[in-house]
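Engineer: Taking the hints into account, I'd like the entire structure generated from these sequences.
With the first letter of the sequence shown counted as 1, position 601 gets the number 2071 in our numbering; the numbers rise by one all the way through.
This list has only true hints and no planted wrong ones.
Per label pair, the in silico range of CB-to-CB distance: (1) A2050 <-> L2246: 52 to 62 Å; (2) K2113 <-> T2057: 12 to 22 Å; (3) T2194 <-> E2334: 41 to 51 Å; (4) F1575 <-> K2113: 16 to 26 Å; (5) N2042 <-> S2065: 12 to 22 Å; (6) G1699 <-> S2110: 58 to 68 Å.
If you're looking for bench data, these hints aren't it; they were derived computationally from the structure. Glycine included, each C-beta is placed from N, C-alpha and C at the ideal position.
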Amino acid sequence: MFALFGGGALAFASDFEHPDCGFPGPTRACGTGDTGEQFAPANIQRHDTPAAAPFNDANYDQAEPDTAGSKTSSNLYDESFDLFGFPSFYTTSSAQYVDPQGPNFGKPQVSGYNAAGAWKLTRGDGRAVVAILDTGIRWDKSSLRDQIHLNTGELPLPEDAGGHTHPGAGHGGFDLNGNGVVDVDDFKNDPRVAHTTPGAGGQITGEDLIRTFGHCKITNHQLGACPAGGKFDNDRNGYPNDIAGWNFFDDDNDPIDRSSYFAAGNHGSGRAGDAAGKVGTGDIGVCPDCQIMPLRIWDTFVADANSFSMGILYATHNGAKVIEGADGALYHSAFAEQASNYAYDHGVVQTYSGDDLNTGNHNYPANYGHAMLIQGTVPDTQGLGMKCSSSVCSIAASHGIPLGTQINPTSYFRGANTTQYGGKSSISMWGPTGSINTGKASGGAGLVVSAALQSPTHDVLRPDETREILEQTAEDVTPGNTGTEGTPDPSQVGWDTHFGWGRANLGAAVSVATQRAKIPDVAAVDQPDWYAPVTGSKLTITGRADARFNGHKLHYKLEWGPGLAPTDTPTNQWHLVKAADATGPITNFGTIDLSQVRSTLASTPVPPDAGGPVFSPTARNPYQDQFAVRLTVTDQTSDSRLKGVDRRVFTAVPDGQNLRPGYPRRLGTGGEAQPRYADLNGDNVPELIVPTEDGTIHAYEPDGRELPGWPVHTRLQWNSLAHTSAPGISDLIRAGTPPREPPRGAAVTDLDGDGVPEVITVAGTHLYVWEPNGTLRKGFPVSSNMNFCGPKLERQDDLNHNPPISAQHPKCGFSTSPAIARHLEGPSSRTDIVEPSLDGHLYAFRPNGKPVPHFPVALISHGEDPKKDPPQIAEEINSPAIADLNKDGFDDIVSPTNEAYGTTSSSGDVSFTGFASNATGQSTRVYAINGKTGTSLSGWPIKINGLIEDVLPFVGPGNDPSVVNVNGSPEVVASATSGSLATYKANGSIDQNMHQEHDGAASNATDKTPGLNLFEGAAIGKVLGTGNPDVVKYELTTTDAANLLLVSQNLPYNHLIGAWDSMTGTSLPAFPTITDDFQFLSSSLIAKVDPSSSDNQVVAGTGLGLLHAYDGATGQDVSGYPKVTGGWLFAPAALSTDGRIADVTREGFRCPRARPSGRPSATTRRTQGTTTATARLPPRPRACPSSRSATTGTASPSHRRATTASAERPPPTGSRWTAGAGTSASAVP
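Structural biologist: Listed below in structure tokens is the structure:
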């Protein structure tokens, strides 16, 4: 580089670890010419790069003409341009700042978030430990080998080659190699430690230390006894022998990634590398001198919330300064919420992703109050240069998108379509997925924390200060700079939904962190919760404002504005609430006039968002009732201090919702499990049964009081039992938020024929049965077989191995609602409980808790060639269907799994996805188990091909099955992620595909590409009130699959609710109809909620907070709908026989509504058996009875053909609802 650009500042003798300015030991002070964004070809940041020795990161700048590495390329996407604080050589002309109002107008766009500038000042600090809460660590990954944080409280002093310790060495005798930190290389010459990690090339790893000392007694750092299987909590932190993190998935001290799969393969190591990768394979991380604390939470990035939260508490008490979580939790528990607050209160920064599906819903843990939701920017040609031959790629070609071409970007400021956007967005990094961006953001936070620690004043930043530094130094994304290839995301001056405060500028951030006079004052909104539905006339905002570095002299200002992103310019949409000076901390910032808010919202249209789905122009916009609050804190004494800012979004519940006084009410836990109505006390009035994610099951009378003996509680989660005295967990248990097993939706039935119903649910590893008085039934709870899960059964797939190795990813416990089988053991048998398990087995229990003969049954198949595509062990998360398929008098069980093999021949599948996935894709399995023998019925399991079945782990590819009677015989309605939706005969052959490629004549869908099935289940019922039963299911237009592949293009697409005639497979005239968002592991109901309509309605909620009732004839909401909740309707609603509708949001708000006068009485069709709730994931708080009555359809049947199946099985997605004890009611006749 010196030869190319000449002398000047580049002539300093320095290298990456010892730059010519900054810490430690700078030769000069760093200025903005070092850390700030650079535009000249010869700039200081091109010197001392990690491409040079000792890092030799050949990928860093290999497409630049002045690379210091040995590898060169002409492709921008081959280098790590995201780390640059300067423009890439290849885009100086094509990508420029063209916004005339911007500070860099006319200059070439900087291609990255300026880690290069930050590195001039700091490369991180070993004290800045980043905890990676994910799938675990690959010990053989050389770029992470030396980055692992070691717990010296569980280690003896290292020995040199001669077997001697050196107590006088740094860090109490542990820093034997003298590099200023404790790392594995301090033990590399220790004769006690064998270097045996496979694939590590003979180098020492953290796994070697665990194998050597992970079962030993350590006293005063001296090695004691090491019995086989020994467990010694030497440092008394509640986790025995935790040398290098913890494995919460298996509850042991080795956080190795044993079994991650699908898109989560090696996910934890990837995020660790993004944050702090250093030397070896892979690119350099953002904070290469930070250390990594690996915590294995689950085997996917869709994880158990309580396990994740135990990881939060462990990290908080064991040295982490930053917690990274590229994770979507299965549920929102009170324990998880309080764990996040606990970390915040103890000074730990939390950087989380939302999800990878380009949605504005509210995922956890990112939705917790003080967590940072990370966004991503990409070049506007991201993905276009790829060679793509799969069927999904043909969608791009049909839109005229030139795949396979080398197109230079016109902008680096395009939102990544595989992140979660919305009102909570914090900062953007670079990366095509939310996961990658979150890993890099945690490294950015680590740099900021490091810079403050290394500054002359050695400041320990608070979480809000780190967040504010990153946000307020970010490079604002403005409309003129978002490029011309594809469709730009909406942006504006200041904060916006897809970019937050903008793309991080880490050079500017670390510069602020080193100067106490510039560290911002704290601005933190704490209450109400994010997106809380607020009623009444006033809203008080509380939190904390403080100025700890200038004697607490501050000025604060509270404002509100309409929508998620009120503008400052050209029109100022912010309304002042209060502004004042203060000389001490402030916790109450003022009261907002909600009448003014509602009036303003009613007259303010929601701006269009080309980066999101196309909504129906005739429906209520899901963002119409949301408004933002902004708190700004400034220094009274100095203009040089960065301002502190925090913001929050709420939902102003509009008039006309008929809410009871005092509602909605906050539950403090999530609503993911379906509520249901059932008459438990025999008074002919159904109680509302509501499982909640804190391990509680409620039974509410109509007046809101609990039934005597209720609520009831589940046990503590299995992997917390050995750690109840650990710091953090013990604190939360004492505070009343223990990590109880999260229950799923309940089944209600009379198990023993005594006329009294029981309440049945699963939670964690147990199946529970309660009597109506709240006592546990004798023989319960029963447990899954813990021998069917654990480390010995876990492994990653390697189909290139000889012989091929298949994926084995069993988990302990259950994750779907139980089903009731009346005749599993024959025509005159007792009632049994059927439950699929995460361990790959199908369980069945008798009313006394004993297993049914032949059960549990292993559900394991293989690919077309079992030698090349061997059997897998996969979880079962879907509610089964129960029916006597072979007419032998014994109930049979239909149950899918999440196995994913190569595609298979499927001559009967004539759907679009069937054809498209034959060439590329995968196939999953749906089993039909003979109740009499416990073996598969002939023709089963069926094999459903799909385009992208192995993308998202855990949530797919299985979908809930249903049963419909055709010509007097039961048939199975089955689908799979990105596969076809069809009815199957008892012999496993396809009877009828649902034609998802054809819309009804009156459908309002604007994107006419075929619909794709994702993770939702189908509901069965007569949508029009007459004729054959219909199949109702959520679908996503195929165009959005292209958006998830070409993450920068923003092709217009729809979320849809489809409805098809079960006999012909044709769409009903008004369907599919546009809905708001993904249903995601949920479903719809078919019922009559509008007594004035001759049709039935499809009752559907999504992730954006509106409860719809789509009329069967028009596909539009009936009068009084949608209902506004402000949250994610994760599970189907519950409908009662006396006209009540109940729902509750994932955020944990329940909202009973007053009944309207003159409501019609409900009509039901009684059938044998009892249905179960259909949400497969955790509990659901108390619900929101709607003001509309719910009645079932009463149309007379047509001349036969298809009818709804008897309720001998639970409707996988809410097509049925409980009408009373021991009976069930079809949602439509």
